[in-house]
Structure formats: structure tokens, C-alpha cells
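Chemist: Residue numbers (UniProt numbering), protein chains in the order written: chain A, 1 to 286; chain B, 1 to 387; chain C, 1 to 379.
A hint or two may mislead.
To be verified - Covered stretches of chain A (in silico footprint by chain B; criterion: 3 or more residues with CB under 8 Å from a CB of chain B, positions within the stretch not fixed):
| # | region |
| --- | --- |
| 1 | 58–70 |
| 2 | 125–134 |
| 3 | 144–150 |
| 4 | 179–187 |
Stated by the list, open to error - Distance ranges between label pairs, derived from CB positions:
| # | chain 1 | residue 1 | chain 2 | residue 2 | range |
| --- | --- | --- | --- | --- | --- |
| 5 | A | L273 | C | S42 | 40 to 46 Å |
| 6 | A | T189 | C | G131 | 29 to 35 Å |
| 7 | B | K140 | A | I262 | 48 to 54 Å |
| 8 | A | R174 | B | G64 | 56 to 62 Å |
| 9 | B | K140 | A | L9 | 56 to 62 Å |
| 10 | B | K140 | A | F30 | 42 to 48 Å |
| 11 | B | E238 | A | T263 | 33 to 39 Å |
| 12 | B | E238 | A | I83 | 38 to 44 Å |
Claimed, not checked - Going by beta-carbon spacing under 7 Å, a handful of chain C positions derived as facing chain A:
| # | residue |
| --- | --- |
| 13 | P76 |
| 14 | Y77 |
| 15 | N82 |
| 16 | F85 |
| 17 | H93 |
| 18 | Y102 |
| 19 | Q106 |
Keep in mind that the hints were calculated from the coordinates and are not lab data.
Every residue, glycine too, gets a C-beta built ideally from N, C-alpha and C.
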Amino acid sequence: MSSAARKRLVTALLLAPAAVWLFLFLVLPFAAIVVFSLGERAPAGGYAPALTLAQYANLPARATAFWNTLVLAPAGALACLLIAYPVAYYLALKVLPQRRLLLVALIVIPFWTSLLIRTYAWMYILGARGIPAFLELVGLPEMRFINTPGAVLLGIVYGYLPLMILPIYISLERLDRRLLEASADLGATPFSTFFSVTLRLSLPGMMTGFSLVLILLLGEYLIPTLLGGGKVFFIGNALVDLFLQSRNWPFGSAIAVALVAITVVLLLAANRLTARLSGARQVDLL
Amino acid sequence: MSKSYRDGLPLSAREFIDQLLRFRRGSISRRHFLGVTGLGAATAVLAGEFGLKPMPAFAAGELGDRMSIATWPNYHDPQTFVDFTTKTGVAIEVNVFGSNEEMLAKLQAGGSGWSLFVPTNYTISTYRQLDLIDPLDLAKLPNYDAAAQNKRFTAEGEVAGVLCAVPKNWGTTGFAVNTKKLTAPMDSWKSFFDVAMTTGSGRSMVHDYQLTTIGNALKYYGYSFNSLKPDELAKAEELLLKVKPHLFAISSDYQPAMRSGDAWLTMCWTNDGAQLHRDIPEINYVLGKEGGEIWTDFYAIPKDAPNKPAAYALLNHLMDPKVAVKEHIANGAPSTDARVNALLPKDLLDNPILYPAADLLAPLEFGAAATLTDPNRAELMARFKSA
Amino acid sequence: MASETLDIEFRGVSKRYGDVTAVHPTDFAVPKGAFIALLGPSGCGKTTCLRMIGGFEQPTTGQVLIGGADMAEVPPYRRPVNMVFQHYALFPHFDVSANVAYGLRQVRPRLTSSEIARRTADALAMVQLAGFGKRKVHELSGGQQQRVALARALVNRPSVLLLDEPLAALDKKLRTDMQIELQNLQRELGITFVLVTHDQEEALSMSDVVCVMNGGRIVQLGAPDEIYDRPADRFVAAFVGKTNFLDGTVVENGGNAARIRLANGMEIGARLTGGGAPGAAVSVSLRPEALRLGAATGETGLGGIIRNRIFLGSTAEYAIEVPGLGTLLATADHDAARSDLLRPGDEVAISFNPGAPLAFPVADNKTTQRETSHVEVLS
Numbered sequence: 001m002s003s004a005a006r007k008r009l010v011t012a013l014l015l016a017p018a019a020v021w022l023f024l025f026l027v028l029p030f031a032a033i034v035v036f037s038l039g040e041r042a043p044a045g046g047y048a049p050a051l052t053l054a055q056y057a058n059l060p061a062r063a064t065a066f067w068n069t070l071v072l073a074p075a076g077a078l079a080c081l082l083i084a085y086p087v088a089y090y091l092a093l094k095v096l097p098q099r100r101l102l103l104v105a106l107i108v109i110p111f112w113t114s115l116l117i118r119t120y121a122w123m124y125i126l127g128a129r130g131i132p133a134f135l136e137l138v139g140l141p142e143m144r145f146i147n148t149p150g151a152v153l154l155g156i157v158y159g160y161l162p163l164m165i166l167p168i169y170i171s172l173e174r175l176d177r178r179l180l181e182a183s184a185d186l187g188a189t190p191f192s193t194f195f196s197v198t199l200r201l202s203l204p205g206m207m208t209g210f211s212l213v214l215i216l217l218l219g220e221y222l223i224p225t226l227l228g229g230g231k232v233f234f235i236g237n238a239l240v241d242l243f244l245q246s247r248n249w250p251f252g253s254a255i256a257v258a259l260v261a262i263t264v265v266l267l268l269a270a271n272r273l274t275a276r277l278s279g280a281r282q283v284d285l286l
Numbered sequence: 001m002s003k004s005y006r007d008g009l010p011l012s013a014r015e016f017i018d019q020l021l022r023f024r025r026g027s028i029s030r031r032h033f034l035g036v037t038g039l040g041a042a043t044a045v046l047a048g049e050f051g052l053k054p055m056p057a058f059a060a061g062e063l064g065d066r067m068s069i070a071t072w073p074n075y076h077d078p079q080t081f082v083d084f085t086t087k088t089g090v091a092i093e094v095n096v097f098g099s100n101e102e103m104l105a106k107l108q109a110g111g112s113g114w115s116l117f118v119p120t121n122y123t124i125s126t127y128r129q130l131d132l133i134d135p136l137d138l139a140k141l142p143n144y145d146a147a148a149q150n151k152r153f154t155a156e157g158e159v160a161g162v163l164c165a166v167p168k169n170w171g172t173t174g175f176a177v178n179t180k181k182l183t184a185p186m187d188s189w190k191s192f193f194d195v196a197m198t199t200g201s202g203r204s205m206v207h208d209y210q211l212t213t214i215g216n217a218l219k220y221y222g223y224s225f226n227s228l229k230p231d232e233l234a235k236a237e238e239l240l241l242k243v244k245p246h247l248f249a250i251s252s253d254y255q256p257a258m259r260s261g262d263a264w265l266t267m268c269w270t271n272d273g274a275q276l277h278r279d280i281p282e283i284n285y286v287l288g289k290e291g292g293e294i295w296t297d298f299y300a301i302p303k304d305a306p307n308k309p310a311a312y313a314l315l316n317h318l319m320d321p322k323v324a325v326k327e328h329i330a331n332g333a334p335s336t337d338a339r340v341n342a343l344l345p346k347d348l349l350d351n352p353i354l355y356p357a358a359d360l361l362a363p364l365e366f367g368a369a370a371t372l373t374d375p376n377r378a379e380l381m382a383r384f385k386s387a
Numbered sequence: 001m002a003s004e005t006l007d008i009e010f011r012g013v014s015k016r017y018g019d020v021t022a023v024h025p026t027d028f029a030v031p032k033g034a035f036i037a038l039l040g041p042s043g044c045g046k047t048t049c050l051r052m053i054g055g056f057e058q059p060t061t062g063q064v065l066i067g068g069a070d071m072a073e074v075p076p077y078r079r080p081v082n083m084v085f086q087h088y089a090l091f092p093h094f095d096v097s098a099n100v101a102y103g104l105r106q107v108r109p110r111l112t113s114s115e116i117a118r119r120t121a122d123a124l125a126m127v128q129l130a131g132f133g134k135r136k137v138h139e140l141s142g143g144q145q146q147r148v149a150l151a152r153a154l155v156n157r158p159s160v161l162l163l164d165e166p167l168a169a170l171d172k173k174l175r176t177d178m179q180i181e182l183q184n185l186q187r188e189l190g191i192t193f194v195l196v197t198h199d200q201e202e203a204l205s206m207s208d209v210v211c212v213m214n215g216g217r218i219v220q221l222g223a224p225d226e227i228y229d230r231p232a233d234r235f236v237a238a239f240v241g242k243t244n245f246l247d248g249t250v251v252e253n254g255g256n257a258a259r260i261r262l263a264n265g266m267e268i269g270a271r272l273t274g275g276g277a278p279g280a281a282v283s284v285s286l287r288p289e290a291l292r293l294g295a296a297t298g299e300t301g302l303g304g305i306i307r308n309r310i311f312l313g314s315t316a317e318y319a320i321e322v323p324g325l326g327t328l329l330a331t332a333d334h335d336a337a338r339s340d341l342l343r344p345g346d347e348v349a350i351s352f353n354p355g356a357p358l359a360f361p362v363a364d365n366k367t368t369q370r371e372t373s374h375v376e377v378l379s
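Please model the entire structure based on the sequences and the hints provided.
Modeler: Right under this line is the structure:
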């Protein structure tokens, strides 16, 4: 065997497991969804073969769900970002190195428990026998927190904050401290240094965190269901209903394809933006 | 202030453990769906640890060592399954669902793995039509006595003369109201929706279930619970969209919110109403005088059931009146079986929640098969939820 | 000396990190327009001193004055000094122009954008990078990045330029070019340059004044030739340039004309620094280029056998084994290096000028230990 042929064989063998995996569990299911999306709903629900774009034409029927998702997911990700940044900044630049590991561990520990259980706990904390009961005990009037948009936002921030903190922390931790000194040396106030240097150079981390949280929120249905009382309807909720309640597979598939398309477009845009703002050679989104 | 420190606690230690166990019992991926959300299944392997003690009647191995059933939340006496496992050595995995649509979706998708499930009356003809369930072989169900059944509730178990399902219990769909919070008397769906938009604003719940939520909105105008007429559905949608901003939640898992005091008013099924009233007397169960739903839940065996012998054995066990009576005491729904009624304690038989007066029962309608598959009702529900 | 003629002054400045003393209390001054090098091995405190001037470290005790003003409460961004950082610390997210213009954009009241553009272009031209403004930093070579860092630091016309190991990352050829350029730049601008380096060649070649530091103290401050020819102690003699050390004992302490007995019993004249009673152990430094090699004559002088010859082009180095003294290094110039006279295995006679040997007490550290290393202000 020639060495070139051997090299090709070795490359093929090394990549084969991943390629097979991706083909079986990403390409094939996605192809199936595309095929379903071109079909029709069978009379009793499910899929009936057809070749029609009717499902895509019907997408505006879920316009509200798309709108909710496209407004609330970025808003939730932004809220996470605003809260996560100071935490990450503190961890990376202000904490004594010997204490840093402990604090980072504290941020990761909640991940050891299922998001469902943690979110369910919030149902009790925000429910009538939780915070409102304590407030009543101290003489405040009856208040309701659960099943409000605020509760959904809180759940989102609580659930996804670590995913936002960690990438920002890593990018800030890798930040060359001498760049901050150089900035100060050149006459920049700490405020100016933060916006001209620190913020700009942590942009890739912010973008990674933002994209991660955004992707998860675009498909979110658990938190709005549990903490929003099923009144806040995300695309994820629409999908669950279409597949599990009305069993309209083709329409559900069309929405899934549309969601994938939206996600890809959003990520490409985010990638482009980050590359331009941070001037880095490459930006690793995930 | 008479409030104790404990009253202010979010939940008691016992409740917390109960909740935790409720999640612990399942496989991780499925429990994300379940119970809590009413969207999926909490799966429980009961009695897996009880060991193999087959009764002489069952040759060892004949029934296999495990089976899986799909049913509703808070619907069984857990002891029933423990007893069965002790008797036969078959461990039972319990999957809990929030709607008939969801059960149908799982069976349609295939590979559900269930050997027995609990569909509601109006769905059985569709299952049969889609060839998803087996006709029942009564020879394997000696404990079932057709003569003891109330025909009003059992009719839909037969499809075109073929017996496909036997009844578990019947019930009604009304609403539960916390009379300490909402003191004005309520007796109709009109009052339900009106109160939800006024004194009960922010404290009222409707089901995450097209049949009852749309059906009861139709009853507000006096239309049929099962209506498929576009103009009537349009009126119901108008009402639902009007009430939505006032709702506390759209969810079929309403017991926790009613118990905690978050919600004061909710659409409610008999058995939940009975359980709530038993524990919190100020929560009343009310049937709308315009009518509404009456229903029967059945046992049926899926065509692709992996363990049919065990399914028949468990079903026969459940048909034993001595077993069934414990089930009814536990879940609070009335029985269709005269033999069971004879064994039920008197206070249960006298409970108007379980056995409402005849004039209230008269206008109730069984759900119609067509509502299950009607795309317009499904879309109406989606528009309501996403509005 | 009046403080207005001084650019930088340390008054009893020290720096401690916990239990570790990085800089012992130090007095030190740099006059306007000087090119001074802080030279020493790593950990000697030179960088800490530079960072205290820049404002990135606060002295534990004492005062740092710049242009006569106490800098105690002055943050880095208000100090009239700029720094060329080690590895340059260029902003990766800006192009070359934006890096250079960075300091100009911080000026308040704001400069007009045409003013910023003009001065940026001037600064780039000064470092011979005109036309490179739109390049990305990572597209430049090491030498070019070095120039950008220089332009960036000079664009705000500081009164003092601090350079932290500016040439360390460059290859030898480029380093020599940059040394000349930096020297020219300093003369043209007439501002004070403070260079931190561990490379004695760099310090000697570029600066007017070399400040040798060791163990958090200034060991010697002086002109490069002074440092080289008259090191203050054994450390400086060893650190600056190459030298041979010979063990010996004091026979007679006559200061500039002391008599030292070497280990092989030979007695030589040497200049003894730091004192030493007769009988005290000393180390005698003999620079390789001070040794002259000749054909063995059989006279009772210093002699040995050539073991190695390292040809260096303009010169050659010889390792000579001398009985009783060990191996000595000698440098011979071009002509001698070419001669066939000196080959490995040959016996050679070694001679040197009487003023060449420098003797230092062996227990140097003890005798020079002082609470304050006070070095005279240069004029």
C-alpha cells in the first residue's frame, strides 16, 4: 500500500465512528423530519405521504409562538448575560486564585441535579406557600409570583446562568493582564479600559455563552410550562403539542425545520458579529 | 395571628419526600415529560425488589418478569401492583399521562412498550379503527362480570360488536372551587368563566386538554360539549381568548396549585375533586348545570403489547371486586361494577361528588370520538395557548 | 541636585510581597534625558522598580517622584510616562493605527480626529512603519510589532519611556539593529529612557548609565565601561561580560596595588576592591581578553596547555588548562586566531597587564550588606 493510500485509510478509520454517529443520529432524523414536513396529517393524526408545501404555508398559524420565542429567548439570554458578566468578571479578575476553584465549583454544582427538579423547586418557592407566605407573615399584602412572565424569566436566568458564566469566565481568565496595564499606561481610565479592552476581548466568551443559552431557549418548553403556567407559549411548547396532542407530525416537522433554519441564521449572524468586533482570528462559538 | 411557623413553610418534609420520590421513580428522559407537566410520563418500576414468588396458578416464567402500563396520575392504589408482583413475580412499570391525545400519540409512534393502558371511552373506537388495540379474550378474564356492569358506562368498550376494553371507573368533569376565597355560590359553566374573569382573576385554571377546555367553553353558551360547528367553536374561542389573561395557569396538573392556595378555581375531574374535598373541605366540587362531560376510563391491551399474558393476568387481578374496591377508595372515582358498589363504604356511596344527583347527571355528555381527531379543535387549542 | 532636573527619583523605596522582599529600601535618581538600563538576573527587582515607576505596583515604603512630583496617589493613567511592555502587549482587536492612536484617544480635552490621524501617522513614520496602519497586529513580524509598541508608547510624548525587556523576543540580527535604532531615537527625542534587561550586552551597548541590581538591591550604578572595567563586586564582575575567577589569598593589602597569592603559589599584583586583611581569601577576576597568549618560553610564568579552540570569526576563544589553577578562558584577536601557533595540545605562555587582575573578597555578600543601598546621583 502506498503511503498516501495508507494515510487516507487511517484518516477514514479515525473519522468513521463520528461520521456514522452523525449520519445515524443527526442526518437521518433530520432527513426524516424534512420528509415529514412535506407530507400531510393522516385523518386520525400522524403522517400521510404527500409532496406539498402546505405545512410551510401554514407556519403563520404559529406566528405567536415564533414571536414569543424570538423575543423571549434573546431577552432571556440577554438577562443571563447581564447577570453573568459581573460574576464572571469577579471570578476571573478579582478573586484570590486559591479561592477561585471553590467558587467555580459552587457555580457548577447545581448542574448535578436535573433542571426539572430545580425548576420544580422554584414552583414551591414562588408558590403561595413559598415567598408570598413569608411576605404575608411579615404583614405584606397577598402577592403572586408564580405563573408570571417574571417567574419564567427568573427560571430561565436561574437555569442557564452557569452556562453563561463559564465561557465568559474562561475568556476573561485568559485575558492578558498586560493589555489592561498597557491601556492604563496609555492614559485610559479604568472605565475606558473596561469598554475598550476587557469587554471587547471577552466578546467571544460572551457570544459563546449567549449562543449556548439562546439555542437552549429556542427549544425551551419546560420552564414556561412550569413557571409560566402554560400561558407563555414557546416554539418548544408548540412542537410538544403538535406531536403529543394534535399529532400533526407534518406541521410539527415543518416548524422544527423552520426552527433549525432560524437557529442557524442567528448563530451565523452572531459569529460574524463577534469576529468583526473582537478582531480575533477565529471565534469558537461552541 | 393564629398562623404557626409551619403554615408558612413552602411544603412539609413529607410532601417534599413525596415529590422527590415521584421523580426518582422514573427514567430520566421520560420524567422530564411527566406528571408535573402533564405532558409526559413519570415512570415507576414498582415492586422490582419484591423478588419472585409465583403463585402455583402461574408456572414460573410464563408471565415474564416485568410489564409496563400507561395510566393517569393519582389513579391507583399502589398496593394493588405490589400485591400483583408478590403473587406473580411480575414487576410493573407505571407510566403516567396527562391526556388521551398523548397516549394515542405514543401508541401511533409505536414501540410504547405498554402491555396495558387506560384510555377514555371516546377514544376506543379510534384505537380500534387504527388497529392499535386487541379484542379482549374474556376466557382469560374470569373475574370480569358483564352482567354486573352498568351499561350506560360500558357501551363504548364494544366496537362494532367486538369487546375491546373493560371499564375501570366512570366520572364527571366539573370544577373545583375554594369557597373560602370565592364565596359567591357557583353552579354553572357560565359562573365558572365569569368568576374566572372577575373575583377569581389570576387564580383560575383550565385544563391543558382540548376536549374539556373547549367543551366547557361551549357549554357557557349552551352548545354541545362535543360541537364541531365552526360558528360555535368561534364563540368558544372568543370566550377562551377573553378569559386567558385572567388565568393562573393552563394545566391538567391542578391539584398542587389548589392545595397550596395559588389557585382558587379549576376545571376538575371527579376523582381529583373527591381527593381535594377529602383533604381540604372548603374546596367544593361543582357540576355545571348546563351539562358537561361524563366519562368512563377503560382498560385495553395494545396490539403491540410485549407481554400479553401478564397484561391479562393483571387485568383479571384488577377486575377482582375485592381489589377494585381498594382502587376506588384510593382514587375517589365511582365504579361501574355493581359487585364493587356493594363492597364500597356507605359514606363513599353517599358522597355527592362521586354520585351526583340524577338531575345533574342528566345533561352530561360522553366525549365524542370525532373531537379526538378533529384538526380544528386542535388548532383552536393551539391558538388559545399561544395567544 | 535640584529635583527639576531629575526625571525619576526613588526615596527609600522598597517593595514587599508578604514575607518576600522584592526591592530593599533604595535611593536612586535619573536625570532628564538619560538612557539608563536596569540590569540584573531574573528576580533581582528590576522589573518591580520599573512597574513602580509606571504605577502598576505601589511601593511598600518610600516615595517615587516623577519630574519632582510625588506619585503616591497617581494612578498609571495619569503618569507622564509610557511603557513598552515585554512581548509588546499590543491590542489584538485593533489594527496598527488603532493601537498607536489608543493613547491619543484618551487625551482630555479630546483631540480632533485629524490631529489624531496626523500624530499617528507621524509616530508610525518615526518607527519606519508608514503605510502599515491598516494591518492587523498578528500579521506583523516580531520586529514590526516591536516598532508598533514603540510608536504606541511614544505617541503621547511622555517625559519618560519605560522599556521592559523590549528586545528579548527578537533574533540576534534584529536585536542589534533595534539597539542602534533605540539609541538614535532616544537622542532625537531627548527624553529619558529606562530599560529593563537581563542581557548585559544590551545594557552596555545602548545605555549611558547601567544600574546593576541583585537580590533587590542596586549593586552598582555607572557608565557601561566603568561597570565593565571596574565592577563593584564579584557579582558584577561575573554578571557583566565573561571572566575567569582564580582563587587566592591576600598577601599584602595595598588597595590598587595589593599582592595576591594564587592557588598555584604564584604571587601577582591586583587591584583589591572591598578590602581584606592579609590572609583573607579572595577571588581574582581576569577578563579573557586581558590574557595574552604566546609561545611557551620555559620561563617561570603562567603557562598551560590549550584544550579547546572556539573560532568566532573576528576572534577565537581558547580553553587553557593551567596546572594548579584549572581551566582559563582567553580571547585572541583576529590575527592570533589565524596563526597556526595556537592549536589544541600546544603549550602556551599566558601574560597580562599588571592592572588587569581585580580581586574581590570571597564572602562578598556579608561585607556589602547594608540596610540602604545608596548610590550617588549621577550628573
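Chemist: Next, verify each hint and record whether it holds.
Modeler: Do the hints match the structure? See the list:
Interface restraint, the region 58–70 of chain A with chain B: holds (5 residues with C-beta to C-beta distance below 8 Å; minimum three). Counting residues of the region 125–134 of chain A whose CB lies closer than 8 Å to any CB of chain B gives 7, so the stated coverage by that chain holds, three being the minimum. Figure legend: the region 144–150 of chain A, annotated as covered by chain B; annotation consistent (3 residues with Cβ-Cβ distances under 8 Å, at least 3 required). Figure legend: the region 179–187 of chain A, annotated as covered by chain B; annotation inconsistent (0 residues with Cβ-Cβ distances under 8 Å, at least 3 required).
The hint said 40 to 46 Å for the Cβ distance between L273 of chain A and S42 of chain C, and at roughly 42 Å that hint holds. For T189 of chain A and G131 of chain C, the Cβ-Cβ distance of about 32 Å falls inside the hinted range of 29 to 35 Å, so the restraint holds. Checked against the hint of 48 to 54 Å, the pair K140 of chain B and I262 of chain A passes, with Cβ atoms roughly 53 Å apart. One distance hint, 56 to 62 Å for the beta-carbon pair R174 of chain A and G64 of chain B, holds here, with the actual separation near 57 Å.
A beta carbon spacing of about 59 Å between K140 of chain B and L9 of chain A agrees with the range 56 to 62 Å that was offered as a hint. Separation of K140 of chain B from F30 of chain A is about 45 Å and conforms to the stated range, judged on CB atoms against 42 to 48 Å. Distance hint for E238 of chain B and T263 of chain A: a CB-CB separation of about 35 Å, consistent with the stated range 33 to 39 Å. For E238 of chain B and I83 of chain A, the Cβ-Cβ distance of about 41 Å falls inside the hinted range of 38 to 44 Å, so the restraint holds.
About 4 Å separates the beta-carbon of P76 of chain C from the nearest beta-carbon of chain A, less than 7 Å, and the hint is met. Given hint, Y77 of chain C at the interface with chain A, holds; its Cβ is 5 Å from that chain's nearest Cβ, closer than 7 Å. The closest approach between the C-beta of N82 of chain C and any C-beta of chain A is roughly 6 Å, which is under the 7 Å cut-off, so the hint is satisfied. Taken as an interface hint, F85 of chain C checks out: its beta carbon lies about 5 Å from the nearest beta carbon of chain A, inside 7 Å.
Because the closest C-beta pair between H93 of chain C and chain A is about 4 Å apart, less than 7 Å, the hint holds. Hint on Y102 of chain C holds. Least Cβ distance to chain A is approximately 5 Å, under the 7 Å limit. For the restraint placing Q106 of chain C at the interface with chain A, the shortest Cβ-Cβ distance is roughly 4 Å, inside the 7 Å limit, so the hint holds.
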